[in-house]
Amino acid sequence: MPATKAHKSKYNAKHIIYEDGDKKTVYSGGSRAWRTNNPGNIKSRGPFPRRHGAIGSDGVNAIFPDYETGKDAMVANLHRHDYTVLSINNMIATYAPASDGNNVPAYQRYVHDQTGLDMNRIFGSLDSAEFSSVVDALESYEHSSAGETWVMKTIQATKSTNDQNFTDFKVDGAWISKSDAMDQVRQDRLDAVISGDHLRPSPGQPDFESIEEEATDEEEGEDPKHKDPDDR
Amino acid sequence: MTARRKIVATWIMAFLLGLHLVRADSPAAAPLSYASEKVVLHGYLRVRTFPGRPNFESIKEGDEPERQWVLELHHPVSVRPRPDDEYNYAVKNARLVTLAPLQAKLWPVLKQLENKSIVVSGKLECASSPHHHTDLVLTVAEVIRE
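In the order they appear, the protein sequences are chains S and E. The opening position of the first sequence corresponds to residue 1 in this note's numbering, with each subsequent residue numbered one higher. The opening position of the second sequence corresponds to residue 1001 in this note's numbering, with each subsequent residue numbered one higher.
Extracted from the complex, chain E is given alone in its bound form (with noise of 0.2 Å):
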């Protein structure tokens, strides 16, 4: 194999690599981290409406609506975190995703983006707040049309 080959061998692994890793709900993926900067999720943005202030219970007890994007996966995700993460708790086959852009400049993105299919990327982590209705929310990083 001549230099230039390998080179292009090598390229070619981590490519394939890097799809294997990106692409974290892809069909029977491994777990994803918590630990990790960025993971890539595929999915329908929708726009859910849920119980906010002040029991998170029922808007029609009273509650305040509270209108939240969520992103339906194409294929659930399991996230698993480390043994030392006090935080975090373990998740099973999630199929729904809360999406919290911390950047004000995604806002009209994702209003253009409603009910289509599109690739998020973001830091995952476990709901922790009472305004977190579905097991993990994702702080966007980027958002395109898949």
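Same shape as in the complex, but just chain S (with noise of 0.2 Å):
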């Protein structure tokens, strides 16, 4: 199922976190229109974007539910009355505009040698297939890049000294310390909020001490590496 919201990560800023429900996706690294699933780079001012699809912003570009949406609000974008009235050459002219003598001319040869058209015919005149064959001419010239994803993991259990002081988190099973914890969150990694020095949960989430466990239930799926404080 697509994310209905996404924005950008508190801790790393090169982090889109996707999020379905309770399941937070992390989109890292690569390149932004990759992280953003926003092929033409589509900034999220005006409302374009959310009539397209578009479920956040990472504060420029808009952040769109998956590659598919983002696509087709490019070729949306590249519908505009400014573009389809000029000829493939002056589209181009006109999105990507430059003082250097040769940046236009680079990206009009780029597109006439990926799609092999007459550059002086008219944008809005192309057929469809040809429509898009500029659209991923385009697309490529942008040199997006893919970067890595994964699942924020969730607290699944804590231990405390008091309802205020959490000093153990049970994840995948395992029970790891607050620095750890806390390492994890910094890196997207884990789903909470790091306040001073402590833990809280995300906006959302249950109350730590609703899934608050005695340590005596848990020694079965403690980590050997790590000692409880009440072990001590």
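Be aware that a few hints might be false.
As the list claims (entries may be wrong) - Calculated cross-link-like contacts (lysine-lysine; reagent style DSSO-like; alpha-carbon spacing at most 30 Å):
#	chain 1	residue 1	chain 2	residue 2
1	S	K153	S	K178
2	S	K5	S	K71
3	S	K8	E	K1060
4	S	K14	E	K1060
5	E	K1038	E	K1105
6	S	K24	S	K178
7	S	K10	E	K1060
8	S	K71	E	K1060
9	E	K1092	S	K5
10	E	K1092	S	K8
11	S	K10	S	K71
12	E	K1123	S	K71
Claimed, not checked - Pairwise CB distance ranges, derived in the manner of DEER restraints:
#	chain 1	residue 1	chain 2	residue 2	range
13	E	P1065	S	V85	24 to 34 Å
14	S	T167	E	E1072	56 to 66 Å
15	S	I194	E	S1058	24 to 34 Å
16	S	R50	E	E1072	27 to 37 Å
17	S	G204	E	E1086	26 to 36 Å
18	E	R1048	S	N165	46 to 56 Å
19	E	P1065	S	Y11	24 to 34 Å
20	E	A1035	S	Q187	41 to 51 Å
Worth flagging that the hints you see were computed from the coordinates, not collected in a lab. For every residue, glycine included, the Cβ atom is placed at its ideal position computed from N, Cα and C.
Reassemble the complex: the two chains are provided individually, in unrelated frames, and hints are given to aid placement.
In structure tokens form, the structure reads like this:
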């Protein structure tokens, strides 16, 4: 199921977090177009991105729930009247204006080489296959590259010395210390929020108290490398 | 009033009205329209370098620098889209406009006019591509030194 909202990570500038209910998927590294499922690098301003399925913003660019939705938005954006009335050459000169003598002709040559089209044809007169070939050429010229994705882990149980001081966290069936948990949060591997010296549940997550376990209940699943404070 | 005076008065009125419509970036001017075939803007022509492919975020972090002509307006402009305009968004008090010359013959002209006060005409659109680093983009039809 596609994500319903997405945002930039609080901890990592090159992470985008996609939310689908309780499931949070992180897109890390790669190009911005890849991270945001936005091959056209469409900006988030104005109503256009939302109307075409955007579910968030990275601060400048729109974030789409998946690549297909982002690609459809890119195609829709290029159907704007400002582009379709122009020749393919002039559409590119408008799409990527430059004061350097070489940038626009280089872009035009690349699209011509990729599509084989007469670049003096009116962009809006292309049939759908020709139009798609130009869109694909624009996308490949922009040098998008893939990064890595993962699903954020959740905290399954906690141990505390009191209600305010949670010391241990059960993640993937194993107990880890607060400092290890904080490291994972900073890397967007674990779904929680760092607040000063404490970990807190992310907005919308249950309170830690409600998932708290007694140490004795979890002896079997204990990580042997990590000793509970209660055992010391 | 004689017929000749009436004709002269009509021409003066038309001229003044024309001035009002054409000088789009005068102080307290009404919002411009994306739908207009041509607007006229006044400002200093600058060359600005922005982060380009692939991330359009930071040259320091590896994005290609892309140099563009930008008009620094003498007076800010606002642009309002028509209610049925699906693509363009409202822009208030913009001071910078990216210039996109379509004809190659305009390039040497713009080059010569860098850092000078110019009058430029063309069609406005809002930023619609990653290569647009200002809210407004003008496809240049004509340019002269002011």
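Status of the given 24 to 34 Å range, CB of Y11/S versus CB of P1065/E: Because 29 Å falls inside the window, the suggested range holds.
Hinted pair K14/S and K1060/E, Cα distance within 30 Å: Measuring from Cα to Cα gives roughly 15 Å; hence the hint holds.
G204/S versus E1086/E beta-carbon gap, inside 26 to 36 Å or not: 33 Å, holds
Distance restraint hint 24 to 34 Å, applied to the beta-carbon atoms of P1065/E and V85/S: Holds, since P1065/E and V85/S (Cβ atoms, about 30 Å apart) stay within the stated range.
Agreement of K1092/E and K5/S with the hint, judged by alpha carbon distance not exceeding 30 Å: OK: K1092/E and K5/S at ~28 Å, within 30 Å.
Given hint K71/S paired with K1123/E - CA-CA distance at most 30 Å: 27 Å, holds
Distance restraint evaluation - R1048/E, N165/S, Cβ atoms, bounds 46 to 56 Å: 52 Å, holds
Restraint check for K1092/E with K8/S, where alpha carbons must lie at most 30 Å apart: Distance ~27 Å between K1092/E and K8/S Cα, so the pair holds.
Supplied distance hint 27 to 37 Å, evaluated on CB atoms of R50/S and E1072/E: Taking Cβ atoms as reference, R50/S and E1072/E lie about 31 Å apart, which means the hint holds.
Pair hint outcome, K1038/E versus K1105/E [Cα-Cα no greater than 30 Å]: 19 Å, holds
Given pair status - K1060/E, K8/S, alpha carbons within 30 Å: It holds: about 20 Å lies between the C-alpha atoms, which stays within 30 Å.
Proposed proximity, K1060/E with K71/S (alpha carbon, max 30 Å): 28 Å, holds
Going down the numbered hints, you'll see the structure goes against none, and every one checks out.
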